[in-house]
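Visitor: Sequence:
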Amino acid sequence: MNIKKIATGLLAALALSWTPVVYAVDNETEFGIEDDLSVFGREGTAPDPDAEIKGFTVFGSTQAAYTGAVVGAGNVVVNGVLAVSSGAYFVDKSTFAGGAYFTAVSSFSNVANIHIAGGTANQVLKKVAGGGMVWADDSLGAGEITGTPRRLVMYEGDGTGGADSLLQQDAGDTSITSVGSSSMTILGAFQTNGAAKFNGAVTLGDAAGDAIQVNGNATAAGTLLVNGNVDLDDKLNVDGASTFVSSVTARSAVQIGDAYTDAHAVNMAPSADTGLSIAGQQVAGDYVVKLYSGTLLSAWLRKK
Numbered sequence: 001m002n003i004k005k006i007a008t009g010l011l012a013a014l015a016l017s018w019t020p021v022v023y024a025v026d027n028e029t030e031f032g033i034e035d036d037l038s039v040f041g042r043e044g045t046a047p048d049p050d051a052e053i054k055g056f057t058v059f060g061s062t063q064a065a066y067t068g069a070v071v072g073a074g075n076v077v078v079n080g081v082l083a084v085s086s087g088a089y090f091v092d093k094s095t096f097a098g099g100a101y102f103t104a105v106s107s108f109s110n111v112a113n114i115h116i117a118g119g120t121a122n123q124v125l126k127k128v129a130g131g132g133m134v135w136a137d138d139s140l141g142a143g144e145i146t147g148t149p150r151r152l153v154m155y156e157g158d159g160t161g162g163a164d165s166l167l168q169q170d171a172g173d174t175s176i177t178s179v180g181s182s183s184m185t186i187l188g189a190f191q192t193n194g195a196a197k198f199n200g201a202v203t204l205g206d207a208a209g210d211a212i213q214v215n216g217n218a219t220a221a222g223t224l225l226v227n228g229n230v231d232l233d234d235k236l237n238v239d240g241a242s243t244f245v246s247s248v249t250a251r252s253a254v255q256i257g258d259a260y261t262d263a264h265a266v267n268m269a270p271s272a273d274t275g276l277s278i279a280g281q282q283v284a285g286d287y288v289v290k291l292y293s294g295t296l297l298s299a300w301l302r303k304k
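Residue numbering for the sequence shown follows this note's numbering, starting at 1 and increasing by one per position.
A couple of the hints might just be wrong.
In silico lysine-lysine, DSBU-like type, Cα no more than 30 Å apart, as pairs [stated by the list, open to error]:
1. 290 with 304
2. 235 with 303
3. 93 with 54
4. 93 with 126
5. 235 with 197
6. 127 with 93
7. 290 with 303
Treat the hints as calculated values from the structure; they're not laboratory data.
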């Protein structure tokens, strides 16, 4: 007779000999088995299972206390590795003190059932180096980003979140306005294919070597002040009065006026009854006008 049959017979004898009172108290009886124990019952029910262990149970080595476990009837401690091949169902809350590793998709019945300590309202979890997650500010906050209507959005000073910029797009989506007293600096080339309008003072170039090129017509309705040199490769048409505070060199044919009634003057205001008025210095021997034939002086007018 092998050890299994002996153990089964002893269990049966003990079960028949114990009274109902023995089941409810500790009578300091201990039963041990050296080899394996198998239960082959196949007709167990919910109230009458094939194997019952109603007391506190420990699988593996025993010790003075068990972390997280309550010593009491029906409680079980597995002091080793537990492998469950067909799934497990936990009715109450469970704690994984050493972490948990999930190799497949895990589902939660409701997002409200997910609680992670730390963070503040409207923060989100973001991935960092190493694969971990940290609480960080959400650039959109609790909902859609808001701001001034039609105002273009820029990033905040810390690089997160959106804020109103100083650029506003009109309702017709045809223009962009730099609002307030803001200014705009363009570090690269600037091109406009339509009409460009500048109101107020306009400065073109900030260094002596800067160049301004106009391939088409340029119209200045107000005062045009040029502090540097102007090189015109084509005609210059001046319909109103013009003042040159520096020298002017005309390298091609020059016409002054287009009607005999026009009045012109040099160093003085024009006179309505004079075609050309020239004022020289009132110093004896100084010339008012010199006329040359090539490089040879041929006629002159000077103060005696």
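Visitor: Hint by hint, note whether the structure agrees.
Guide: Do the hints match the structure? See the list:
1. 290 with 304: Holds. Residue 290 to residue 304 sits at ~15 Å (cutoff 30 Å).
2. 235 with 303: violated, 36 Å
3. 93 with 54: Holds, at roughly 22 Å.
4. 93 with 126: holds, 27 Å
5. 235 with 197: Holds, at roughly 24 Å.
6. 127 with 93: The given pair, whose Cα atoms are some 27 Å apart, holds under the 30 Å limit.
7. 290 with 303: Between residue 290 and residue 303 the Cα gap is close to 12 Å, so the pair holds against 30 Å.
In summary, the structure is inconsistent with hint 2 from the numbered list given earlier, while agreeing with all the others.
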